[in-house]
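**Student:** Here is what each chain is made of, one letter per residue.
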Amino acid sequence: MYKHILLASDGSENAVRAAQEAVKVASFDKESVIDVVYVIDIEKSKSDVLHANSSEAVDLERRKKNSKVIQVLNQANAAYQTTILRGKPGPEIVQYANQQKVDMVIIGSRGLNTLQEMVLGSVSHKVMKRVNCPALIVK
Amino acid sequence: MQTLKQQWFGNIRADILSGIVVALALIPEAIAFSIIAGVDPMVGLYTSFIIAVVISFAGGRPGMISAATGAMALLMVPLVRDYGLDYLLAATILTGIIQLIFGICKVAKVMKFVPNAVMIGFVNALAILIFMAQLEHFIGISTMTYLFVGITLILVYTLPRFIKVIPAPLIAIVALTSIAIFSGVNLNTVGDLGTITQTLPSFFIPNVPWTFETLQIIFPYALSMAIVGLLETLLTSQIVDDMTGTESNKNGEARGQGIANFITGFFGGMAGCAMIGQSVINVKSGGRGRLSTFIAGIFLMFLIIVLGDLVVQIPMPVLVGIMIMVSIGTFDWSSFNYLIKAPRTDAIVMLTTVIIVVYTHDLSKGVLAGVLLSAIFFVIKISTVKISKDGNRYSIHGQLFFASIDGFVDYFKKANIQSKKIQIDFSDSRVWDDSGVGAILKVSELLKSKGIQVELVELDSSSKKIMDKLNGVLSSH
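Same order as they appear, the protein sequences are chains Y and B.
By the count of the UniProt record's numbering, the first sequence reaches residue 139 at its end, each step adding exactly one.
By the count of the UniProt record's numbering, the second sequence reaches residue 477 at its end, each step adding exactly one.
Hints should not be assumed to be uniformly reliable.
Unchecked claim - With a Cα cut of at most 30 Å, we get these calculated DSSO-like pairs of lysine-lysine:
#: 1; chain 1: Y; residue 1: Lys64; chain 2: B; residue 2: Lys284
#: 2; chain 1: Y; residue 1: Lys139; chain 2: Y; residue 2: Lys24
#: 3; chain 1: B; residue 1: Lys442; chain 2: B; residue 2: Lys414
#: 4; chain 1: Y; residue 1: Lys65; chain 2: B; residue 2: Lys381
#: 5; chain 1: B; residue 1: Lys106; chain 2: Y; residue 2: Lys44
#: 6; chain 1: Y; residue 1: Lys126; chain 2: B; residue 2: Lys413
#: 7; chain 1: B; residue 1: Lys164; chain 2: Y; residue 2: Lys44
#: 8; chain 1: B; residue 1: Lys420; chain 2: B; residue 2: Lys386
#: 9; chain 1: B; residue 1: Lys465; chain 2: B; residue 2: Lys413
#: 10; chain 1: B; residue 1: Lys5; chain 2: Y; residue 2: Lys88
#: 11; chain 1: Y; residue 1: Lys44; chain 2: Y; residue 2: Lys30
#: 12; chain 1: B; residue 1: Lys389; chain 2: B; residue 2: Lys284
#: 13; chain 1: Y; residue 1: Lys44; chain 2: B; residue 2: Lys421
Honestly, the hints are just simulated from the structure, not real lab data.
As the structure is a computational prediction, the values presented were derived from the model and not from experiment.
Produce the entire structure from the sequences given, and follow the hints as far as they go.
**Tutor:** Right, dumping it as structure tokens:
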């Protein structure tokens with residue numbers, strides 16, 4: 001069934017709920033692997049670097065953000081791998097999903113930045129429109 | 001790290017395109033920073049051309065853009081005003097020499113001691129100063145000036161939503177300059193503030209007396225510029241590292257900056273450094289290699305030689321609008337959140353850096369004050385010992401050394417201990433020197449004289465070692 005499941009993670013509460021759904025979908029098939037994709041938004045590089053004392057500290061902050069999702073997967077004993085991408089979150093997830101020919105994309109309906117969404121529309125909406133596979137948007 | 005060939009030709013198509021985008025974005029900034037420094041626009045344009053080209057060979061961070069910058073321009077204002085351009089050129093050469101020496105002495109390691117609170121203050125102060133430098137070019141001049149500044153700002157913030165390939169400032173410049181020329185409105189232009197010569201820069205030795213007196217004049221400026229330039233450069237290289245997920249040679253970059261400034265001074269250019277905004281534009285436009293920086297410099301010079309006549313007709317209000325956008329982009333808007341959430345001392349360091357820079361117009365003074373202040377806060381923090389009590393267990397939080405022991409000893413002098421046996425827990429502490437050991441012995445004896453038995457627990461092994469050693473020595477006497 002869905003062997004390669006892409007789980008988009010930005011560390012938000014919605015991403016954690018998306019992870020719980022990913023576990024359910026993965027449980028249908030023993031060979032399913034959840035691919036946790038975390039996109040480093042390069043628009044935020046300047047601010048991330050400024051607010052940390054070293055590149056190691058920047059890295060730690062990002063790991064912390066991703067850790068809630070990883071915890072869910074660890075607790076459920078799900079098979080997973082993590083992928084770090086750099087760029088604009090929406091387009092990067094779409095490009096990766098289509099290149100890797102993943103079987104399903106699971107993404108939280110809303111990320112961390114509500115203001116941007118009001119102006120631009122949500123990342124999840126863009127991803128859903130452009131990936132060549134089923135997409136599950138988790139509320 | 002990649003091979004030199006990869007650094008140059010690993011990304012040819014995207015590097016050429018992004019280089020062109022950056023060249024277009026560099027022109028208004030190079031002109032505006034020249035105006036801030038009080039020199040002809042040509043000085044900033046030559047600077048940007050030469051530094052970009054030289055750094056593409058000599059730098060340690062492929063894909064980073066260096067050129068004439070606001071941070072450097074602001075530092076040189078008094079020198080240009082009091083002594084003229086030739087002294088600036090001499091100071092630029094000296095800046096290069098200092099940076100080269102710093103680079104050879106592995107300055108990147110020292111730069112790690114500049115805390116991030118100071119760096120946040122640095123970019124914020126820079127943004128405020130760039131903005132303030134624009135005021136005289138549009139406040140109280142004419143209604144048309146305000147109108148053009150306003151339209152420019154609207155264009156540069158809305159156009160990127162629809163047109164992604166061409167940089168919005170360029171569209172704003174072309175459209176508004178045409179409108180200004182054809183409608184014949186009365187606006188100040190770049191031409192009013194200097195001339196554009198459509199020739200390549202040439203080699204000449206700055207016309208200053210090469211004496212000790214000259215050195216005394218230019219050295220303080222050169223030193224400030226060397227430090228500020230390297231600070232912004234190393235910050236930018238960290239940002240480019242982060243954006244591209246690669247590493248770079250920080251000391252190599254410092255040496256490269258030195259070489260670039262050294263050469264620039266002999267070609268009529270002013271000292272420059274890496275630019276955060278332009279480097280971000282480059283990486284976002286796909287630029288990754290040395291070729292992108294090289295193309296940015298070459299294409300900028302090409303444009304000036306071909307279009308120099310038109311550049312002087314750019315209305316000042318349009319340039320002002322673009323520079324307001326640059327200052328808004330430079331400012332770290334998460335600072336407001338930082339002021340609330342960061343530790344109190346960090347927030348004070350950040351604010352102090354900003355205030356001193358805005359007051360003195362000198363970024364190097366703000367950085368120095370910020371670093372000193374954070375060092376003082378660090379000393380205070382490290383020399384404070386807190387003690388918490390849980391039943392008969394007294395936990396020490398903090399470092400025990402010569403500067404911190406008073407608080408530790410005083411606590412037990414004043415403490416009203418009822419029980420006959422207590423434990424002192426060192427799991428969150430560490431004994432650094434003889435003074436620390438002495439203080440522990442003093443406390444033990446003090447309590448013993450009151451009839452209280454003391455047990456030291458959770459001492460880490462290195463503290464234990466110091467204790468045992470000194471205890472042995474002391475008890476044998």
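**Student:** With reference to the structure, classify each hint as holding or not holding.
**Tutor:** Here's how the hints hold up against the structure:
Note on Lys64 of chain Y and Lys284 of chain B: the hinted pairing holds, with a Cα-Cα distance of about 26 Å set against a maximum of 30 Å. For the hint linking Lys139 of chain Y to Lys24 of chain Y, the alpha-carbon distance of about 15 Å falls within 30 Å, and the restraint holds. Of the pairs offered as hints, the one joining Lys442 of chain B and Lys414 of chain B holds, with about 14 Å between alpha carbons and a cut-off of 30 Å not exceeded. Distance hint between Lys65 of chain Y and Lys381 of chain B is fulfilled; the C-alpha atoms sit about 29 Å from each other, no more than 30 Å.
For the hint linking Lys106 of chain B to Lys44 of chain Y, the alpha-carbon distance of about 29 Å falls within 30 Å, and the restraint holds. Using a Cα cut-off of 30 Å, the hinted pair Lys126 of chain Y and Lys413 of chain B is violated, with the two alpha carbons roughly 67 Å apart. As the CA atoms of Lys164 of chain B and Lys44 of chain Y are separated by approximately 19 Å, the hinted pair is consistent with the 30 Å bound. Annotation: proposed proximity of Lys420 of chain B to Lys386 of chain B holds, straight-line Cα distance about 23 Å (limit 30 Å).
Of the pairs offered as hints, the one joining Lys465 of chain B and Lys413 of chain B holds, with about 26 Å between alpha carbons and a cut-off of 30 Å not exceeded. Using a Cα cut-off of 30 Å, the hinted pair Lys5 of chain B and Lys88 of chain Y holds, with the two alpha carbons roughly 28 Å apart. Simply put, Lys44 of chain Y and Lys30 of chain Y have alpha-carbon atoms about 38 Å apart, too far for the 30 Å limit, and the pair is violated. A threshold of 30 Å between alpha carbons decides the hint, and for Lys389 of chain B with Lys284 of chain B the separation of about 55 Å lies outside it, so the pair is violated.
Under the criterion of a C-alpha separation no larger than 30 Å, the hint pairing Lys44 of chain Y with Lys421 of chain B is inconsistent with the structure, at around 56 Å.
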